Amino acid sequence: MPNTPLPKMAILIVNAASRRGAEVFDQVRDKLIAAGVELIDARAVKKPETLNDEVAAAIDRAPMVIVGGGDGTLSETIDEFLGKDTVFAFLPLGTANSFARTLGIPLDLDGAIDVIAHGSPRKVDLAAINGDYFLNNAALGLAPMVAETVPHGLKKSFGRLGYLLWAGWSAASFKAFRLKVEDGKKVRRFWATEARIANGRFHGGVELIENADLHSGEVVIQVVRGRSMFKLGWSYLSSALKLKSRGQQVCEIYGTKMRVSTRPRMRVSIDGELGPETPFEVSVRPDAVTVAGPTKAQDTSVTANPTEAAEPARAVQMQ
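Mapping of the sequence shown onto UniProt numbering: position 2 corresponds to residue 2, and the numbering continues sequentially without gaps.
Calculated from the structure, these hints are not laboratory results.
Note that this is a predicted model, so its numbers are computed, not measured.
Derived DSS-like pairs (lysine-lysine); straight-line CA-CA distance at most 25 Å:
#1 Lys-257 to Lys-84
#2 Lys-257 to Lys-180
#3 Lys-84 to Lys-123
#4 Lys-244 to Lys-231
#5 Lys-46 to Lys-31
#6 Lys-180 to Lys-231
Quick list of the computed label-pair ranges, beta carbon to beta carbon:
#7 Asp-30 to Asp-299: 19 to 29 Å
#8 Thr-4 to Arg-227: 44 to 54 Å
#9 Pro-63 to Leu-274: 28 to 38 Å
#10 Thr-295 to Val-187: 37 to 47 Å
#11 Ser-228 to Asp-60: 45 to 55 Å
#12 Asp-299 to Glu-23: 22 to 32 Å
#13 Glu-281 to Asn-52: 14 to 24 Å
#14 Thr-4 to Gly-131: 23 to 33 Å
#15 Arg-265 to Glu-49: 22 to 32 Å
#16 Ala-34 to Thr-4: 21 to 31 Å
#17 Asp-85 to Gly-111: 22 to 32 Å
#18 Pro-276 to Ala-22: 23 to 33 Å
#19 Asp-108 to Leu-237: 24 to 34 Å
#20 Asp-287 to Leu-39: 24 to 34 Å
The beta carbon of each residue, even a glycine, is placed where N, CA and C say it ideally should be.
Taking the hints into account, I'd like the entire structure generated from these sequences.
Here it is, written out as structure tokens:
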């Protein structure tokens with residue numbers, strides 16, 4: 001499949017309510033045509049609630065559907081591609097663009113369009129919470145609080161920086177929680193400040209779960225252990241700076257099906273959008289969809305870390 005070319009005929013669907021979607025739609029359409037992509041149709045969707053219906057209809061009409069938006073938009077529409085031969089291509093138009101980073105898609109428009117025009121198809125796994133599939137990462141802890149309370153103006157004006165500023169403000173009132181992870185064989189309990197449920201390596205635009213693999217057939221739950229908010233902050237900072245100590249604050253649990261519960265009950269954030277409350281089931285579907293991926297020459301993902309990290313603890317139980 002890596003040597004197979006991508007389809008040249010496609011339908012473009014852009015979330016025009018996303019941060020950049022409305023302003024770049026015309027530019028994206030023209031650049032795709034100039035790159036040799038034959039657009040059967042191109043739609044700027046201004047009502048997010050109709051996005052899934054638009055994508056579902058497009059899948060029946062074209063061998064490739066290009067979706068433009070942030071991580072939440074991509075995750076929201078990915079279910080429509082399950083069991084289909086249609087290639088899922090995407091333009092990273094969001095704030096963090098974590099899935100594009102994991103897959104090695106350039107974040108600039110020209111680079112992302114070059115992948116769609118000249119990349120190659122590849123199969124990737126999808127993780128799911130209660131059967132709702134997502135592309136990249138879900139989280140329990142501070143991330144859902146930030147997603148639920150961040151002022152829209154702050155997010156729109158400052159992007160990732162706005163998230164970070166609000167996260168710092170919210171951390172002052174956030175408290176650690178009890179986490180339980182069951183896989184049918186073992187029950188693991190932790191005090192935690194964050195739990196990351198990973199299909200991809202990036203969370204919030206930062207590479208946090210380096211061992212997550214889109215082709216492994218497993219999902220990773222990475223737990224920031226303890227009650228200290230300082231350790232949570234250090235987990236993000238040390239990962240962003242690629243420090244040797246970046247794996248010391250976390251424990252990683254690998255599996256194909258797990259049950260997650262917390263005290264108190266908490267909502268999960270799925271690729272930046274709020275999802276269900278705990279408890280919930282986590283699962284993975286191997287080789288679930290075909291995506292438009294970069295060739296080796298186009299791939300922007302980091303294949304080797306400049307500084308070797310301390311290995312995260314694996315499945316350590318804390319009473």
